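Participant: Protein sequences, first through last, are from chains L and U. Final position of the first sequence in my numbering is 319; the numbers increase by one with none missing. Final position of the second sequence in my numbering is 498; the numbers increase by one with none missing.
Hints listed in this document are in silico derivations from the structure and should not be mistaken for laboratory results. Among the hints, erroneous ones may be present.
[To be verified] Just so you have them, the derived chain L footprint on chain U, three or more residues with Cβ under 8 Å: (1) 75-81; (2) 228-240; (3) 270-278.
From a predicted model like this one, the values you see are computed outputs, not experimental measurements. From the three backbone atoms N, C-alpha and C, an ideal C-beta is built for every residue, glycine too.
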Amino acid sequence: MGNLLARSAGNLFWLARYLERVENMARIVEITETFSRDTSARNWLSVVQINADEKRFFEKHKVADGPSVVHFYLLDSDNPTSVPAALQAAHMNARALRPILSVEMWEQVNVMRNSWRAVSASDLTGPGLPRLCKRLREQCQVSEGVVEGSFAHDEGWHYYRIGKNIERADQTTRLLDIKYHLLLPNVDAVGSALDASQWNALLRAANGYQAFRRVHQGRLSPAAVAGFLLFSDSFPRSMTHCVRQISYMLTQLRSRYRLSGGTPAEDKLDEMRAVLVDLPIERIIETGLHEYLDWVQTQLGALTGDIRDGFFPD
Amino acid sequence: MGERAIGGLMAGYDRGAFFCELTSERTSNCAEIAIVLDRLGALDFADLSRRSADAERALFDLGITFTVYSERDSIDRILPFDVIPRIITADEWQVIEAGVVQRVQAINLFLQDVYHGQKILKDKVVPAELVLGNANYRPEMQGLDVAHGTYGHVCGIDLIRDEGGIYRVLEDNARTPSGVSYVVENRSLMMRAFPDLMADLQIRPVDNYGTRLHAAMASIAPPESSDPQVVLLSPGIYNSAFFEHVFLAREMGVPLVEGRDLCVEDDKVWMRTTGGLERVHTIYRRLNDEFIDPEVFRADSMLGVPGLMRAYRAGNVALANAVGTGVADDKAVYAYMPRIIRYYLGEDAILPNVETFICREKEGLDYTLANLAKLVVKPVGESGGYGLLIGPKSTAAEVEEFRAKLIADPSNYISQPMIGLSVAPTLNSTGVAPRHVDLRPFAITGQTTWVLPGGLTRVALREGSIVVNSSQGGGSKDSWVLGA
Chain L
6 MGNLLARSAG
16 NLFWLARYLE
26 RVENMARIVE
36 ITETFSRDTS
46 ARNWLSVVQI
56 NADEKRFFEK
66 HKVADGPSVV
76 HFYLLDSDNP
86 TSVPAALQAA
96 HMNARALRPI
106 LSVEMWEQVN
116 VMRNSWRAVS
126 ASDLTGPGLP
136 RLCKRLREQC
146 QVSEGVVEGS
156 FAHDEGWHYY
166 RIGKNIERAD
176 QTTRLLDIKY
186 HLLLPNVDAV
196 GSALDASQWN
206 ALLRAANGYQ
216 AFRRVHQGRL
226 SPAAVAGFLL
236 FSDSFPRSMT
246 HCVRQISYML
256 TQLRSRYRLS
266 GGTPAEDKLD
276 EMRAVLVDLP
286 IERIIETGLH
296 EYLDWVQTQL
306 GALTGDIRDG
316 FFPD
Chain U
15 MGERAIGGLM
25 AGYDRGAFFC
35 ELTSERTSNC
45 AEIAIVLDRL
55 GALDFADLSR
65 RSADAERALF
75 DLGITFTVYS
85 ERDSIDRILP
95 FDVIPRIITA
105 DEWQVIEAGV
115 VQRVQAINLF
125 LQDVYHGQKI
135 LKDKVVPAEL
145 VLGNANYRPE
155 MQGLDVAHGT
165 YGHVCGIDLI
175 RDEGGIYRVL
185 EDNARTPSGV
195 SYVVENRSLM
205 MRAFPDLMAD
215 LQIRPVDNYG
225 TRLHAAMASI
235 APPESSDPQV
245 VLLSPGIYNS
255 AFFEHVFLAR
265 EMGVPLVEGR
275 DLCVEDDKVW
285 MRTTGGLERV
295 HTIYRRLNDE
305 FIDPEVFRAD
315 SMLGVPGLMR
325 AYRAGNVALA
335 NAVGTGVADD
345 KAVYAYMPRI
355 IRYYLGEDAI
365 LPNVETFICR
375 EKEGLDYTLA
385 NLAKLVVKPV
395 GESGGYGLLI
405 GPKSTAAEVE
415 EFRAKLIADP
425 SNYISQPMIG
435 LSVAPTLNST
445 GVAPRHVDLR
455 PFAITGQTTW
465 VLPGGLTRVA
475 LREGSIVVNS
485 SQGGGSKDSW
495 VLGA
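Construct the complete structure from the given sequences, taking the supplied hints into account.
Facilitator: Here you go:
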């Protein structure tokens with residue numbers, strides 16, 4: 006059997022990214038809603054900041070509060086970072102992939118897209134919001150399960166995994182970047198008690214609460230949370246874990262499928278990993294967590310470019 | 015012809031003056047039909063309606079849809095599915111199958127001749143200007159040899175059944191006939207939704223279409239390829255028939271490519287893969303001739319592959335269907351099909367045409383003018399039912415107005431009697447009622463011709479309507495061919 010159609014490789018990469026994006030968005034909105042009841046609206050603003058959408062958001066809305074942020078991200082299909090836009094993009098990629106996706110996988114994406122189209126603003130009030138966010142998360146998780154169980158783990162599957170892990174690393178680092186600085190006690194109140202529930206919410210938004218507990222037991226500190234989300238060896242959404250997965254997939258494509266297109270991406274990953282492992286989290290925080298995360302984000306963007314050029318050029 | 019005794023759900027069913035695919039007595043008695051009727055009669059209306067709704071829901075969720083685009087949005091629609099099957103007996107199928115094979119054979123011999131010696135034109139069996147002046151005639155094909163002399167690798171022959179139960183050919187489709195995906199998907203849906211209706215019946219399977227198609231595509235590949243790479247060329251995800259392209263690519267296990275995935279270098283066709291360019295040997299293309307190669311046909315086509323005709327002419331790639339098959343499925347040529355069959359095969363057509371009067375011939379014109387109010391008159395160049403006269407449904411003034419047009423340009427018209435299409439019991443919101451149906455069997459030809467048992471039964475869901483097109487309220491039914 007020959008190699009995969011280049012366009013299909015791109016479709017698989019982006020299908021995975023968009024689905025991952027939907028799952029993350031659903032979780033972030035759900036957690037924000039849960040933990041914003043007793044605090045200020047800055048939590049809602051942080052959702053906008055995580056997505057770097059301040060400019061576009063404030064062109065449409067005066068304030069970033071629950072209703073405006075929920076509308077912008079869950080209903081506004083003109084917003085390219087919204088759930089409906091991501092579902093539409095996932096659907097387009099899945100549609101192009103239908104000859105090679107399992108029927109179950111296609112059906113899952115099709116049903117997810119169609120059922121979200123039926124959601125209106127009134128469905129997203131009161132208990133409807135967490136319920137529908139949960140449904141969306143679960144639908145994404147089912148799609149993961151279907152891919153795992155029904156999509157041939159051949160060449161194409163590797164692009165899917167690469168897309169998934171780039172998106173995860175991207176989402177985790179964005180979330181950490183915004184929330185870390187938002188939640189740090191401000192300089193005027195040094196020594197004031199940490200708002201533990203907000204740090205827990207951050208871990209939940211990254212789907213890492215339990216995993217963190219098991220590693221750190223009762224101890225909670227900003228540095229420990231940041232270190233966990235960046236460097237955990239086992240947490241599937243930590244940056245280190247994602248980068249290692251991407252690296253493994255590229256190696257497989259080179260050795261098993263004799264594809265050399267991933268060489269520049271592999272070089273970039275080597276460079277990233279060299280930097281990643283050499284720095285303890287305390288040093289990073291000291292010299293500037295934001296600058297560090299910014300660099301990681303830039304690297305991930307460049308990595309996407311290398312992978313595209315190497316396997317599915319436009 | 016007599017009626018079968020029916021009860022329950024079927025109790026009030028009245029086929030009227032038409033042949034009914036389920037209740038009319040056949041020439042050969044068929045025990046299986048009686049069994050199906052009994053089973054149908056025993057079903058509860060609410061149960062049947064629920065299962066019908068479930069089936070349509072499944073079609074939607076599975077994305078077995080065609081897409082309708084509006085200005086802002088795209089809407090996925092299913093082809094409405096009627097759960098009451100249409101049944102074709104083993105005897106009936108034998109005739110249909112032989113007739114379709116014969117017709118496809120004649121179409122291929124005709125195309126071979128048209129694009130080589132044009133003997134049939136020189137012998138004046140078919141008027142030369144009808145072929146050479148046809149918009150779908152492709153001079154680029156002159157003298158080009160195609161594998162096995164096959165031009166129409168996939169043909170769909172549209173059949174109707176008249177009041178006497180005689181199957182007649184209404185139209186030939188030798189370009190890119192569509193609808194086969196519904197045949198296969200409808201069957202798998204029926205097997206899930208109505209195991210009780212099908213239990214213990216011998217129904218000929220339809221799920222090997224993809225295997226057959228792939229074998230035919232491999233058989234026409236350039237001879238130097240031992241393990242030919244077949245691809246399906248689609249206009250892409252925005253095409254309303256995209257699902258069918260997906261289905262066919264999936265069933266054959268071949269890549270679904272768009273024009274941008276292919277390129278021509280060295281007069282050979284290549285596809286862009288993650289590992290670079292890979293050779294392509296056979297293209298099952300679901301693009302019309304005029305879009306396949308901007309170097310030769312429409313220069314503005316973004317869907318095709320520049321240089322494809324060069325590679326084709328060099329014998330380095332096979333195309334299915336061949337370029338230029340449109341001259342064989344033209345309405346005017348249709349009228350000559352019985353003569354074409356006799357000319358090449360020395361046989362009468364097994365499946366008769368609908369009686370057709372050719373107005374370019376004096377005899378046909380005279381008859382048409384004398385019986386205008388009883389006939390359907392069709393312009394030969396048009397498609398989609400434009401510019402035709404349905405005599406029995408027109409006013410005297412309309413008939414006279416048409417008469418003037420006909421006299422001014424008789425060569426542009428053919429005429430046919432009004433046919434009372436057969437009906438089949440069909441579920442609606444209140445019960446079961448007769449609705450008109452047609453049948454499109456699909457034939458695959460590589461070296462030889464194979465016909466998929468059954469075909470697409472389209473049903474006009476509106477009462478009294480004879481328009482079965484999906485764009486105008488048509489749906490489909492599963493078509494069962496009985497026998498092992």
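Participant: Work down the list of hints and note, for each, if the structure agrees.
Facilitator: Going through the hints against the structure:
1. Note: the segment 75-81 of chain U has 3 residues with beta-carbon separation from chain L under 8 Å; the three-residue rule is met and the coverage holds.
2. Coverage of a stretch by a chain is defined here by at least three residues with a beta carbon nearer than 8 Å to that chain's beta carbons; for the segment 228-240 of chain U and chain L the count is 0, and the condition is violated.
3. With a cut-off of 8 Å between beta carbons, the segment 270-278 of chain U has 5 residues touching chain L; three or more are needed, and the interface restraint holds.
In summary, the one numbered hint that this structure violates is 2.
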